[in-house]
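Novice: Each chain is listed here by its residues.
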Amino acid sequence: DAGVIQSPRHEVTEMGQEVTLRCKPISGHDYLFWYRQTMMRGLELLIYFNNNVPIDDSGMPEDRFSAKMPNASFSTLKIQPSEPRDSAVYFCASSLWGRYNEQFFGPGTRLTVL
Amino acid sequence: TQLLEQSPQFLSIQEGENLTVYCNSSSVFSSLQWYRQEPGEGPVLLVTVVTGGEVKKLKRLTFQFGDARKDSSLHITAAQPGDTGLYLCANSGTYKYIFGTGTRLKVLA
Numbered sequence: 001d002a003g004v005i006q007s008p009r010h011e012v013t014e015m016g017q018e019v020t021l022r023c024k025p026i027s028g029h030d031y032l033f034w035y036r037q038t039m040m041r042g043l044e045l046l047i048y049f050n051n052n053v054p055i056d057d058s059g060m061p062e063d064r065f066s067a068k069m070p071n072a073s074f075s076t077l078k079i080q081p082s083e084p085r086d087s088a089v090y091f092c093a094s095s096l097w098g099r100y101n102e103q104f105f106g107p108g109t110r111l112t113v114l
Numbered sequence: 115t116q117l118l119e120q121s122p123q124f125l126s127i128q129e130g131e132n133l134t135v136y137c138n139s140s141s142v143f144s145s146l147q148w149y150r151q152e153p154g155e156g157p158v159l160l161v162t163v164v165t166g167g168e169v170k171k172l173k174r175l176t177f178q179f180g181d182a183r184k185d186s187s188l189h190i191t192a193a194q195p196g197d198t199g200l201y202l203c204a205n206s207g208t209y210k211y212i213f214g215t216g217t218r219l220k221v222l223a
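Keeping their order, the protein sequence lines are chains A and B.
Counting from 1, one number per residue, gives the positions in the first sequence under this note's numbering.
Counting from 115, one number per residue, gives the positions in the second sequence under this note's numbering.
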């Protein structure tokens with residue numbers, strides 16, 4: 001079975017540009033999570049969805065960040081305009097309903113904003 | 115907001131040595147998970163512990179959950195280079211996971 005798929009794996013852009021990160025969760029999973037990982041702040045939850053509906057976006061740092069999940073097999077995280085402090089590795093994860101269920105992480109997108 | 119502190123932050127040891135890393139919380143865990151993250155990859159679940167005092171073993175890895183459910187430890191026996199990675203604990207009691215600060219382990223051959 002394919003795991004969580006993220007694209008692109010690496011993105012280099014200039015400050016002020018729009019960036020779109022993509023995620024395909026594991027088929028059948030009903031929860032999807034977006035995380036950001038930096039050396040300074042570690043792994044932080046940005047937003048999560050249940051059955052394509054955003055449940056908690058309190059971790060989204062600013063209005064420049066937005067996430068959508070138009071269907072069960074696709075989600076995007078958009079940053080507009082991007083800033084150098086957005087440079088980080090962004091992970092998507094998915095899981096099945098259940099209190100202690102495992103989160104399956106994708107390989108991440110390494111974003112560099114110059 | 116719950117804070118998860120892990121120690122040590124960095125650990126470099128020789129192959130064959132034993133080690134223990136710790137995860138301490140500012141509040142009680144409802145359940146706790148340990149993940150390992152290898153360079154260039156996402157975290158992968160190692161174990162979930164739920165009951166205070168619980169001990170789980172996974173080959174050379176032993177996980178212990180504190181009686182008061184505010185701390186946990188991961189002990190590795192006879193470490194191997196394949197154990198190299200970032201070890202993360204997480205409060206998995208709700209879907210709003212909180213991850214610890216991580217312990218970066220390097221095992222030298």
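Note that these hints are calculated values from the structure, not bench results.
Note that this is a predicted model, so its numbers are computed, not measured.
Positions of the beta carbon are idealized from the N, C-alpha and C atoms, including for glycine.
Hints should not be assumed to be uniformly reliable.
Stated by the list, open to error - In silico lysine to any residue, SDA-like type, Cα no more than 25 Å apart, as pairs:
id: 1; chain 1: B; residue 1: K184; chain 2: A; residue 2: M40
id: 2; chain 1: B; residue 1: K170; chain 2: A; residue 2: E102
id: 3; chain 1: B; residue 1: K210; chain 2: A; residue 2: V12
id: 4; chain 1: B; residue 1: K210; chain 2: A; residue 2: I5
id: 5; chain 1: B; residue 1: K210; chain 2: A; residue 2: R110
id: 6; chain 1: B; residue 1: K210; chain 2: A; residue 2: P107
id: 7; chain 1: B; residue 1: K210; chain 2: A; residue 2: M15
id: 8; chain 1: B; residue 1: K220; chain 2: A; residue 2: M60
As the list claims (entries may be wrong) - Distance windows between CB atoms, simulated:
id: 9; chain 1: B; residue 1: G196; chain 2: A; residue 2: G3; range: 35 to 41 Å
id: 10; chain 1: B; residue 1: S140; chain 2: A; residue 2: N51; range: 42 to 48 Å
id: 11; chain 1: B; residue 1: K173; chain 2: A; residue 2: G28; range: 24 to 30 Å
Novice: Taking the hints in turn, state whether each one holds.
Specialist: Hint check results:
Restraint check for K184 of chain B and M40 of chain A: the C-alpha separation of about 24 Å stays at or below 25 Å, so the hint holds. As the CA atoms of K170 of chain B and E102 of chain A are separated by approximately 16 Å, the hinted pair is consistent with the 25 Å bound. For the given pair, K210 of chain B sits about 29 Å from V12 of chain A by alpha-carbon distance, which is inconsistent with the 25 Å threshold. Proximity of K210 of chain B to I5 of chain A is assessed by CA-CA distance (about 21 Å); at most 25 Å being required, the pair is judged to hold.
Restraint check for K210 of chain B and R110 of chain A: the C-alpha separation of about 23 Å stays at or below 25 Å, so the hint holds. In summary, the hint linking K210 of chain B to P107 of chain A is supported, as the alpha carbons are separated by about 20 Å, within the 25 Å threshold. Restraint check: the Cα-Cα separation between K210 of chain B and M15 of chain A comes to about 30 Å, which exceeds 25 Å; the hinted pair is violated. A hinted pair counts as satisfied when its Cα atoms are at most 25 Å apart, and K220 of chain B with M60 of chain A does not qualify at roughly 32 Å.
Checked against the hint of 35 to 41 Å, the C-beta distance between G196 of chain B and G3 of chain A comes to roughly 20 Å, which is inconsistent with it. The beta-carbon spacing between S140 of chain B and N51 of chain A, approximately 32 Å, falls outside the hinted interval of 42 to 48 Å. At about 29 Å, the CB distance of K173 of chain B to G28 of chain A agrees with the hint of 24 to 30 Å.
Against the hints set out earlier in the document, violations occur for numbers 3, 7, 8, 9, 10.
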